[in-house]
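Chemist: Assemble chain B onto chain A, guided by the hints.
Protein sequence lines, in the order shown, are assigned to chains A and B.
Just so it is clear: in the first sequence, position 35 is 34 by numbering that gives the first Met the number 0, and no numbers are missing.
Just so it is clear: in the second sequence, position 244 is 243 by numbering that gives the first Met the number 0, and no numbers are missing.
Hints may contain errors.
Said to hold, decoys possible - Straight-line alpha carbon distances no greater than 27 angstroms define the calculated DSSO-like cross-link-like pairs of lysine-lysine that follow: (1) Lys165(A) with Lys47(A); (2) Lys239(B) with Lys252(B); (3) Lys142(B) with Lys273(B); (4) Lys87(A) with Lys252(B); (5) Lys273(B) with Lys239(B); (6) Lys263(B) with Lys66(A); (7) Lys47(A) with Lys263(B); (8) Lys6(B) with Lys47(A); (9) Lys163(A) with Lys47(A); (10) Lys273(B) with Lys66(A); (11) Lys87(A) with Lys273(B); (12) Lys6(B) with Lys66(A); (13) Lys6(B) with Lys87(A); (14) Lys161(A) with Lys87(A); (15) Lys8(B) with Lys47(A); (16) Lys239(B) with Lys79(B); (17) Lys165(A) with Lys87(A); (18) Lys161(A) with Lys47(A); (19) Lys273(B) with Lys263(B); (20) Lys72(B) with Lys263(B).
Derived from the structure by calculation, the hints contain no laboratory data.
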Amino acid sequence: MRILITALIIFVNFILQTSLFPLLAVRGIFPNTALIIVTSYALLRGSKEGAIVGGFTGLLMDIFFSKMIGFYTLLYLAIGFLFGRSQKNFYRENYILPVIFCAVSTVLFQAVLYITGFLFRGEGNIFYFVLSILGPELVYTAVVTVLLYRILFGINEWLELKEKYKYRLF
Amino acid sequence: MQQFFEKYKKQILRGGVLLLVLITVIASGKQLNATLLESAIGVVVTPFQDLTTGISSWIDESITSARDKAELKEENEDLKNQIADLLAENRRLAMYEGENAKLSALLKIAQRYPDYESTGATVIAKDPGVWYDGFTIDKGTTKGITANMVLIAPEGLVGKVLESGATFSKAQSILDSRSSVPAMSMRTGDLGVVKGDYTRSADGLCIMEYIDAQAEIMVGDEIVTSHLSDIYPAGLAIGKVLELETDTSGLTKYAVIQPYVDLKHLDTILVIDKNSAVEAPVPEEPSVNTETPAEPEEPAESTEETQETGVSE
Numbered sequence: 000m001r002i003l004i005t006a007l008i009i010f011v012n013f014i015l016q017t018s019l020f021p022l023l024a025v026r027g028i029f030p031n032t033a034l035i036i037v038t039s040y041a042l043l044r045g046s047k048e049g050a051i052v053g054g055f056t057g058l059l060m061d062i063f064f065s066k067m068i069g070f071y072t073l074l075y076l077a078i079g080f081l082f083g084r085s086q087k088n089f090y091r092e093n094y095i096l097p098v099i100f101c102a103v104s105t106v107l108f109q110a111v112l113y114i115t116g117f118l119f120r121g122e123g124n125i126f127y128f129v130l131s132i133l134g135p136e137l138v139y140t141a142v143v144t145v146l147l148y149r150i151l152f153g154i155n156e157w158l159e160l161k162e163k164y165k166y167r168l169f
Numbered sequence: 000m001q002q003f004f005e006k007y008k009k010q011i012l013r014g015g016v017l018l019l020v021l022i023t024v025i026a027s028g029k030q031l032n033a034t035l036l037e038s039a040i041g042v043v044v045t046p047f048q049d050l051t052t053g054i055s056s057w058i059d060e061s062i063t064s065a066r067d068k069a070e071l072k073e074e075n076e077d078l079k080n081q082i083a084d085l086l087a088e089n090r091r092l093a094m095y096e097g098e099n100a101k102l103s104a105l106l107k108i109a110q111r112y113p114d115y116e117s118t119g120a121t122v123i124a125k126d127p128g129v130w131y132d133g134f135t136i137d138k139g140t141t142k143g144i145t146a147n148m149v150l151i152a153p154e155g156l157v158g159k160v161l162e163s164g165a166t167f168s169k170a171q172s173i174l175d176s177r178s179s180v181p182a183m184s185m186r187t188g189d190l191g192v193v194k195g196d197y198t199r200s201a202d203g204l205c206i207m208e209y210i211d212a213q214a215e216i217m218v219g220d221e222i223v224t225s226h227l228s229d230i231y232p233a234g235l236a237i238g239k240v241l242e243l244e245t246d247t248s249g250l251t252k253y254a255v256i257q258p259y260v261d262l263k264h265l266d267t268i269l270v271i272d273k274n275s276a277v278e279a280p281v282p283e284e285p286s287v288n289t290e291t292p293a294e295p296e297e298p299a300e301s302t303e304e305t306q307e308t309g310v311s312e
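Chain B on its own, in the form it takes in the complex:
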């Protein structure tokens, strides 16, 4: 046996390297759930990651809580006032929602901004490299999380799940240069694609590309996900336009986006399943609407816009 290895050492080495290259090429681009081996390693590793992340965040919290107690008191006051305001606002919006549901039922259009079933999850590990912005969350296929589910925080969009094992899932944030999210400007409806950019991801910024040169998008506009994606549901808040620049070709513009979510300090996030839309009073045949979105889009969009301006007031 030993002799056999000695004799064919070079061939075995070459074969091994070739096999690795082959596996890389075959497996690239596929977004499947993790294999049994990967899941098995995940089961071993994730509890430890969970533990260290827990300990470090606990230390971080205890240090900061000791430091700014006075600040917290002040903030608490402010937040209480805000809650009171928001509750009043919320009641008004709930009325709007009911009215909207009734009106759209009358118009026979499906709800375009339905609620989704969500699962809470914690970020337990981060990609140590500088190039990509990937992370691992502590829930996997056993909790019903599969590839291409969307991750959000209360403030807005975070990213999506790339692949999930039994007890963990790989995810990528919108700052990752491999990610691209079809998006539009809330005010003007200009379309574009929000992409990660490795030269800006250290500052927590990303860019929106392929905006038409004639588009009336402005600094400060709100960017949300558009209807052109089969992964991301429409209408999720992404961020605000920080600056606008024209491409070198002069045909398109790109905007630097400041995401609403602090993507550099992620902790708890929500995983939403696009296929689990909890459809509010939906009239018959919602599929007709998704196939021909051109006409019935206008009324729903305008109602959404009035809602949004209501919020920002």
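Chain A extracted, bound-state conformation:
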């Protein structure tokens, strides 16, 4: 049940992100909802599941848009794993922390893409990167995370309740 619903979330997000969300973008920038989902999932369920969700999200991205397979897979997997490690350290009912974590993961993700894809090729324009890409994207990400995290949180609560009934934990 959990696997099915998680797969459905990844799948639906991928389709919306590649076909509908570019129409809503402002100057070509829209928050990376896949990254928000991976980070939120890692925060809710821990590093193991975060890594698995991240790996499959990245694989879809790789198959359809990347020149070489494996780059996004590894990146999303690492982010899922890394943010899952902090799962035990905070209350997941908190509103602010997921927003901060998603912002940090966005910075990490964009910085890796910028450094590997552009800075090493000598095309790095750090002012443009920070002011025109990272800045606006962080603001959008914060707004979208508030909404998206609540949805994922609700789904997760519901699933955990079902699992508790299934294994007769109370």
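Modeler: Coordinates of chain B only, in the frame set by chain A:
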């Protein structure tokens, strides 16, 4: 089994990550057609993308069509007039074409601007990131589309196919910073390379690099693909020069190009196969020409130029 995993958890994790890195390194730079797995996932995903893109573009269309009906009427009038003009122009050009074919047959040079077999396709998904300008089209190897085919719109060049699966193909537009297209200025024949630039792609612009510092290229010049590419056929329109700047080294210039095609709102495009040139009256041994293009280039180029100026008048 469970114990085995518990015991060697770290090793398995390390092995997995290493394997991923290895695959990335090996697969990078190769432009092959998609594997069976990729195609299988494509078969599942593309119909949904097709559906959502269809729905969103339908909504977009219905909103705009309700809004500017009056504008459309006016535009229709204008376009009708234009069609009449263009038809007359076309007839004249057809005569030129026939004459050109006859003359080049006399001169024993192959047609340099042949027609290509084309397939229509629809853009169904876009790369969600800000860095690259890639997209997916709804046709793949089952419709005969393979890697390195060229994508065009009626106005000019769009990009090329990177890789194709059974029912879909990855493509990149000329705004993508990984793309580079050998190009030249139509008026002066100055050579350069049109590249994507991520700082300008949000505005739908790209740049043409490596132009000679002494080149007489000017703002407003038309840029077309040159003969120096084995992917892009020569003579496809790319765009207009918007501004010119000298490089920091002072040895070369670069130009900011405004593409003719609205690459930010792509919808339907044509895929052309360079190897399927429908050769018009071609005299014998066309291969001789491609190997030694130096001499017979001049007459063909000048005829093309007169044609072009004819169009722009």
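Chemist: Please go over all the hints and tell whether each is borne out by the structure.
Modeler: We went through each hint and held it up to the structure:
1. This hinted pair checks out: lysine 165(A) and lysine 47(A) have alpha carbons roughly 22 angstroms apart, not beyond 27 angstroms.
2. The straight-line distance between the Cα atoms of lysine 239(B) and lysine 252(B) is roughly 16 angstroms, inside the 27 angstroms bound, and the hint therefore holds.
3. Taken as a hint, the lysine 142(B) and lysine 273(B) pair is honoured in the structure, with Cα atoms around 16 angstroms apart against an allowance of 27 angstroms.
4. Restraint check for lysine 87(A) and lysine 252(B): the C-alpha separation of about 57 angstroms exceeds 27 angstroms, so the hint is violated.
5. Our distance criterion of 27 angstroms between C-alpha atoms is met by lysine 273(B) and lysine 239(B), whose separation comes to about 24 angstroms.
6. Annotation: proposed proximity of lysine 263(B) to lysine 66(A) holds, straight-line Cα distance about 21 angstroms (limit 27 angstroms).
7. The suggested pairing of lysine 47(A) with lysine 263(B) is violated, with an alpha-carbon distance near 39 angstroms, which exceeds 27 angstroms.
8. Simply put, lysine 6(B) and lysine 47(A) have alpha-carbon atoms about 16 angstroms apart, close enough for the 27 angstroms limit, and the pair holds.
9. Our distance criterion of 27 angstroms between C-alpha atoms is met by lysine 163(A) and lysine 47(A), whose separation comes to about 20 angstroms.
10. Restraint check for lysine 273(B) and lysine 66(A): the C-alpha separation of about 22 angstroms stays at or below 27 angstroms, so the hint holds.
11. Taken as a hint, the lysine 87(A) and lysine 273(B) pair is broken in the structure, with Cα atoms around 58 angstroms apart against an allowance of 27 angstroms.
12. At most 27 angstroms may separate the alpha-carbon atoms for a hinted pair to count; lysine 6(B) and lysine 66(A) exceed this at roughly 36 angstroms.
13. Pair hint lysine 6(B) plus lysine 87(A) holds up; C-alpha atoms about 23 angstroms apart against a cutoff of 27 angstroms.
14. Distance hint between lysine 161(A) and lysine 87(A) is fulfilled; the C-alpha atoms sit about 22 angstroms from each other, no more than 27 angstroms.
15. Taking the CA atoms of lysine 8(B) and lysine 47(A), the gap is near 12 angstroms; set against the 27 angstroms cutoff, the hint holds.
16. Pair hint lysine 239(B) plus lysine 79(B) holds up; C-alpha atoms about 26 angstroms apart against a cutoff of 27 angstroms.
17. For a cut-off of 27 angstroms, the pair hint linking lysine 165(A) to lysine 87(A) stands: about 24 angstroms separates their Cα positions.
18. At roughly 21 angstroms between alpha-carbon atoms, lysine 161(A) and lysine 47(A) fall within 27 angstroms of each other, so this suggested pair holds.
19. For the proposed pair lysine 273(B) and lysine 263(B), the alpha carbon gap of about 25 angstroms is at most 27 angstroms, so the pair holds.
20. Of the supplied pair hints, the one linking lysine 72(B) and lysine 263(B) holds, its CA atoms being roughly 26 angstroms apart against a limit of 27 angstroms.
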